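Trainee: Spelled out from the first residue to the last, the chains are:
2 protein chains.
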Amino acid sequence: MSTTLEELASVSELAALAAPVTEAASDAERASWLRAVANDLHAHVAELVELADSETHLGSARLTGEVARTTAQLRLFADVITEGSYLEATIDHAASATSPPRPDLRRMLCPIGPVAVFSASNFPFAFSVAGGDTASALAVGCPVLVKAHSGHLALSRRTAELVLGALERSGAPLGTFALVEGRAVGKALVQTPAIQGVGFTGSVGAGRALFDLAVSRPDPIPFYGELGSINPVVITRAAVATRGQELADGLASSFTMGVGQFCTKPGVVFIPENSGFEALLASATTAKLGGALLTDRIAEAFPRGLQSLAADFEVEVVLGNTDQDALADGASPVILATTAAAVRKRPETLLEECFGPMTLLVRYSGEAELGRTLSAFQGNLTATIHAQPSDAISPLVALLSKKAGRVLFGGWPTGVSVTWAQQHGGPWPATTSLHTSVGATAVRRFLRPVAYQDAPDGVLHPALQESNPLGIPRRVDGVLKLGRFL
Amino acid sequence: MSTTLEELASVSELAALAAPVTEAASDAERASWLRAVANDLHAHVAELVELADSETHLGSARLTGEVARTTAQLRLFADVITEGSYLEATIDHAASATSPPRPDLRRMLCPIGPVAVFSASNFPFAFSVAGGDTASALAVGCPVLVKAHSGHLALSRRTAELVLGALERSGAPLGTFALVEGRAVGKALVQTPAIQGVGFTGSVGAGRALFDLAVSRPDPIPFYGELGSINPVVITRAAVATRGQELADGLASSFTMGVGQFCTKPGVVFIPENSGFEALLASATTAKLGGALLTDRIAEAFPRGLQSLAADFEVEVVLGNTDQDALADGASPVILATTAAAVRKRPETLLEECFGPMTLLVRYSGEAELGRTLSAFQGNLTATIHAQPSDAISPLVALLSKKAGRVLFGGWPTGVSVTWAQQHGGPWPATTSLHTSVGATAVRRFLRPVAYQDAPDGVLHPALQESNPLGIPRRVDGVLKLGRFL
Numbered sequence: 000m001s002t003t004l005e006e007l008a009s010v011s012e013l014a015a016l017a018a019p020v021t022e023a024a025s026d027a028e029r030a031s032w033l034r035a036v037a038n039d040l041h042a043h044v045a046e047l048v049e050l051a052d053s054e055t056h057l058g059s060a061r062l063t064g065e066v067a068r069t070t071a072q073l074r075l076f077a078d079v080i081t082e083g084s085y086l087e088a089t090i091d092h093a094a095s096a097t098s099p100p101r102p103d104l105r106r107m108l109c110p111i112g113p114v115a116v117f118s119a120s121n122f123p124f125a126f127s128v129a130g131g132d133t134a135s136a137l138a139v140g141c142p143v144l145v146k147a148h149s150g151h152l153a154l155s156r157r158t159a160e161l162v163l164g165a166l167e168r169s170g171a172p173l174g175t176f177a178l179v180e181g182r183a184v185g186k187a188l189v190q191t192p193a194i195q196g197v198g199f200t201g202s203v204g205a206g207r208a209l210f211d212l213a214v215s216r217p218d219p220i221p222f223y224g225e226l227g228s229i230n231p232v233v234i235t236r237a238a239v240a241t242r243g244q245e246l247a248d249g250l251a252s253s254f255t256m257g258v259g260q261f262c263t264k265p266g267v268v269f270i271p272e273n274s275g276f277e278a279l280l281a282s283a284t285t286a287k288l289g290g291a292l293l294t295d296r297i298a299e300a301f302p303r304g305l306q307s308l309a310a311d312f313e314v315e316v317v318l319g320n321t322d323q324d325a326l327a328d329g330a331s332p333v334i335l336a337t338t339a340a341a342v343r344k345r346p347e348t349l350l351e352e353c354f355g356p357m358t359l360l361v362r363y364s365g366e367a368e369l370g371r372t373l374s375a376f377q378g379n380l381t382a383t384i385h386a387q388p389s390d391a392i393s394p395l396v397a398l399l400s401k402k403a404g405r406v407l408f409g410g411w412p413t414g415v416s417v418t419w420a421q422q423h424g425g426p427w428p429a430t431t432s433l434h435t436s437v438g439a440t441a442v443r444r445f446l447r448p449v450a451y452q453d454a455p456d457g458v459l460h461p462a463l464q465e466s467n468p469l470g471i472p473r474r475v476d477g478v479l480k481l482g483r484f485l
Numbered sequence: 000m001s002t003t004l005e006e007l008a009s010v011s012e013l014a015a016l017a018a019p020v021t022e023a024a025s026d027a028e029r030a031s032w033l034r035a036v037a038n039d040l041h042a043h044v045a046e047l048v049e050l051a052d053s054e055t056h057l058g059s060a061r062l063t064g065e066v067a068r069t070t071a072q073l074r075l076f077a078d079v080i081t082e083g084s085y086l087e088a089t090i091d092h093a094a095s096a097t098s099p100p101r102p103d104l105r106r107m108l109c110p111i112g113p114v115a116v117f118s119a120s121n122f123p124f125a126f127s128v129a130g131g132d133t134a135s136a137l138a139v140g141c142p143v144l145v146k147a148h149s150g151h152l153a154l155s156r157r158t159a160e161l162v163l164g165a166l167e168r169s170g171a172p173l174g175t176f177a178l179v180e181g182r183a184v185g186k187a188l189v190q191t192p193a194i195q196g197v198g199f200t201g202s203v204g205a206g207r208a209l210f211d212l213a214v215s216r217p218d219p220i221p222f223y224g225e226l227g228s229i230n231p232v233v234i235t236r237a238a239v240a241t242r243g244q245e246l247a248d249g250l251a252s253s254f255t256m257g258v259g260q261f262c263t264k265p266g267v268v269f270i271p272e273n274s275g276f277e278a279l280l281a282s283a284t285t286a287k288l289g290g291a292l293l294t295d296r297i298a299e300a301f302p303r304g305l306q307s308l309a310a311d312f313e314v315e316v317v318l319g320n321t322d323q324d325a326l327a328d329g330a331s332p333v334i335l336a337t338t339a340a341a342v343r344k345r346p347e348t349l350l351e352e353c354f355g356p357m358t359l360l361v362r363y364s365g366e367a368e369l370g371r372t373l374s375a376f377q378g379n380l381t382a383t384i385h386a387q388p389s390d391a392i393s394p395l396v397a398l399l400s401k402k403a404g405r406v407l408f409g410g411w412p413t414g415v416s417v418t419w420a421q422q423h424g425g426p427w428p429a430t431t432s433l434h435t436s437v438g439a440t441a442v443r444r445f446l447r448p449v450a451y452q453d454a455p456d457g458v459l460h461p462a463l464q465e466s467n468p469l470g471i472p473r474r475v476d477g478v479l480k481l482g483r484f485l
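Heads up: the protein sequence lines correspond to chains E and V, in order. Using numbering that gives the first Met the number 0, you'd call the opening residue of the first sequence number 0 and step up by one each time. Using numbering that gives the first Met the number 0, you'd call the opening residue of the second sequence number 0 and step up by one each time.
Calculated from the structure, these hints are not laboratory results. Take these hints with a grain of salt, some might be off.
[Stated by the list, open to error] Straight line, CA to CA, 30 Å or less: simulated BS3-like cross-link-like pairs of lysine-lysine:
| hint | chain 1 | residue 1 | chain 2 | residue 2 |
| --- | --- | --- | --- | --- |
| 1 | V | K480 | E | K480 |
| 2 | V | K402 | V | K344 |
| 3 | V | K186 | E | K402 |
| 4 | E | K344 | E | K287 |
| 5 | E | K186 | V | K402 |
Since we're looking at a predicted model, the values are computed, not measured.
Take the sequences, apply the hints, and build the full model.
Mentor: Right, dumping it as structure tokens:
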């Protein structure tokens with residue numbers, strides 16, 4: 000049942016009324032809200048996984064792991080705000096001797112207000128109702144309106160019930176969180192005056208349409224979209240020679256993980272010409288690595304994507320078939336191969352992500368051709384290098400750092416650990432902004448700086464009070480101080 | 000002479016070629032470039048001030064101070080990159096015991112690539128060719144193409160010569176900096192594929208037009224615009240009673256500073272009804288506080304702006320006249336007064352900045368009316384409170400923190416100190432983003448995060464190498480470390 004525009008107006012108004020309260024809550028209080036949500040999700044894991052599996056076919060092992068990841072995310076953000084560096088508290092004391100004399104200035108980050116979160120089809124927990132965007136916004140005091148994904152509506156509703164219950168029980172104000180449903184309401188949500196920012200995970204097409212709405216408002220708002228990525232992998236000749244079978248096994252497992260529906264799926268793999276890697280990969284890839292796709296739309300699009308790749312890039316089919324009926328039978332793995340020269344002819348088409356268990360091998364002659372071809376690529380979430388110590392990879396690392404937000408050495412991009420140093424984002428079209436949607440710094444998206452000049456100590460946030468009662472790390476007169484972590 | 004599109008293509012190509020070199024340069028090297036530019040500006044201060052005064056009429060005292068501010072900015076950014084925290088270096092060591100096992104992840108900020116900077120009319124040094132946007136972009140390794148402002152073209156060219164000379168002499172690569180001219184080239188600049196971000200200071204109209212171009216590119220890029228602000232000031236009844244004349248003197252000096260052409264000019268001042276403040280301000284404001292405006296366009300717009308304010312808000316003219324010929328005679332100070340009720344009828348018109356020595360006094364009956372009226376305001380760069388210790392101002396502080404990027408207590412907004420804690424930006428239309436254009440964190444606009452997973456130590460930036468050879472502050476396994484500042 001779609002949320003009506005009247006209902007949207009009502010939950011937006013409640014979110015706007017909640018915003019000053021969620022902002023005024025202490026970091027300790029907000030951390031307790033996040034931990035309450037994590038506890039309740041964990042307490043209902045069996046029920047949630049069963050519901051998710053019935054809607055997404057992702058299987059209970061994967062889904063159980065994803066709930067654990069989701070609760071870990073909520074707990075990480077609770078830790079991040081408790082630590083306090085995220086506030087970027089900075090104090091410059093007055094200096095009367097300078098010309099002109101300098102006032103006392105104290106700067107910190109404050110929440111932007113209510114935000115909209117669009118959940119993804121392919122991670123029904125970790126990038127959905129109580130996922131990373133929601134957790135990072137709530138952590139810093141922004142009320143959240145989540146647009147449910149139509150691919151797992153029952154799960155979304157049940158998750159929202161649990162979130163609402165946990166928030167209420169742990170003392171968050173009414174209006175802190177709401178779920179909305181329906182395609183039309185998504186567009187209205189981005190244009191709702193009370194909404195001050197948007198987190199989105201999905202396709203380039205849908206993301207661009209919503210981005211355009213966000214930036215066309217009379218008051219443009221930030222749109223943090225995680226869109227498309229083909230995650231190039233480069234394998235050197237020395238690496239194939241040394242551990243070809245191990246690489247083939249790893250790649251087979253990575254490009255088929257989640258039936259090839261990860262935003263970090265290795266979609267394009269550069270292999271040396273005449274290295275024999277194609278056969279190794281084909282033998283490592285079995286039909287059981289396929290399976291039912293997330294939605295009918297994705298299942299219908301899979302063979303279409305394969306055929307368009309085949310037509311555009313003069314491909315050779317190494318394994319599987321491009322005209323399968325993924326809707327009726329589930330998707331079976333497909334390996335395509337082509338040349339770097341063919342890829343360079345139309346790099347823009349290549350960059351259309353093809354969801355499903357397929358990867359495209361691109362044969363290259365040497366470093367020069369590799370560099371020339373990768374230079375034509377747009378942005379990606381990840382880029383991966385499989386090399387040997389004997390390979391001189393520094394130029395390749397420099398090139399890939401400009402093309403991706405995470406550069407991997409010797410691993411596979413499909414695992415995205417949730418830690419302080421993670422970066423999940425990259426140049427357009429991987430993301431629409433210079434931020435991450437995974438890891439500790441994801442909170443930065445929902446914060447804006449405010450400076451207070453010559454303020455009486457009593458009106459300041461504790462982080463800026465002279466005595467630093469919470470002992471948080473700060474920069475004082477240009478010098479970083481560890482606060483209670485000394 | 001306008002830059003042709005062919006010339007633009009050529010300097011853009013040079014900037015793109017320079018980008019990997021400016022990125023690879025060490026922070027110490029880039030700091031030396033900035034200091035060389037500062038030294039050369041300082042060495043030519045008399046010549047530059049004379050040129051600037053002939054084009055802007057701002058007077059040599061103000062302009063000499065502005066050169067000092069500009070060189071101080073360049074030196075501050077040199078200090079900021081030397082300190083190293085700006086890189087946000089973060090290391091999470093591998094953890095094999097977690098489920099799933101965690102790889103080694105190392106994150107830092109990297110330059111986004113060549114950027115465009117649009118200089119402002121009202122700060123021919125500090126927000127112009129070698130101003131804060133240019134300094135912060137160069138500091139972090141982004142080549143800069145500056146669009147000259149037509150209001151001080153000769154000064155722009157001479158400044159650019161000095162910048163180019165200093166950069167060349169201090170070892171920056173060809174292509175690190177270029178000046179372009181002409182209205183048409185500004186639009187082309189924002190759409191140039193090599194350009195990865197834009198810094199802009201100017202009007203809401205021009206800024207919005209360029210913002211729209213930046214976000215409509217096939218690959219949208221960040222647009223950091225500092226646009227319009229009316230900088231509301233609130234004076235409480237107790238403050239008028241205690242130090243009315245002092246406040247009148249301070250306000251008279253602030254709203255006429257730079258002939259009222261500061262982006263932080265107090266354009267709207269809330270005063271208690273029947274407080275007598277109007278007369279105090281009128282007596283503090285003398286004709287000598289006026290003067291020639293920056294450009295013919297601004298001079299022609301000044302009486303038009305006054306008349307439209309007068310028509311929209313049922314104003315009383317407290318001082319001066321609204322139909323002056325500022326083009327022929329220079330602008331003379333104008334004080335208008337109206338009621339909070341009149342302002343609430345059309346808050347959107349009020350928010351059109353009126354450049355020139357004028358301010359609008361808004362009479363309010365009490366706290367309730369004050370809050371209701373300010374709630375209708377859009378974003379501002381600053382908001383100022385003049386209160387006495389007996390006033391309970393916390394609710395007002397909370398409200399103004401949502402409406403402005405800097406909240407002042409007891410001072411005037413026209414001074415913007417260049418320090419670590421400064422914030423110059425605010426909700427739309429003050430700025431288009433959640434960043435500052437003044438102060439240490441201005442560099443954040445031109446950086447994007449990249450994470451390296453399981454990287455060999457030798458390919459990493461020194462900031463991420465295990466031994467931390469430069470001793471910069473980092474976060475390691477979630478814990479902030481001071482590096483050489485221990």
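Trainee: None of the hints should be skipped; say for each whether it holds.
Mentor: Against the structure, the hints:
1. V/K480 to E/K480: 10 Å, holds
2. V/K402 to V/K344: It holds: about 19 Å lies between the C-alpha atoms, which stays within 30 Å.
3. V/K186 to E/K402: 26 Å, holds
4. E/K344 to E/K287: Violated, at roughly 34 Å.
5. E/K186 to V/K402: 26 Å, holds
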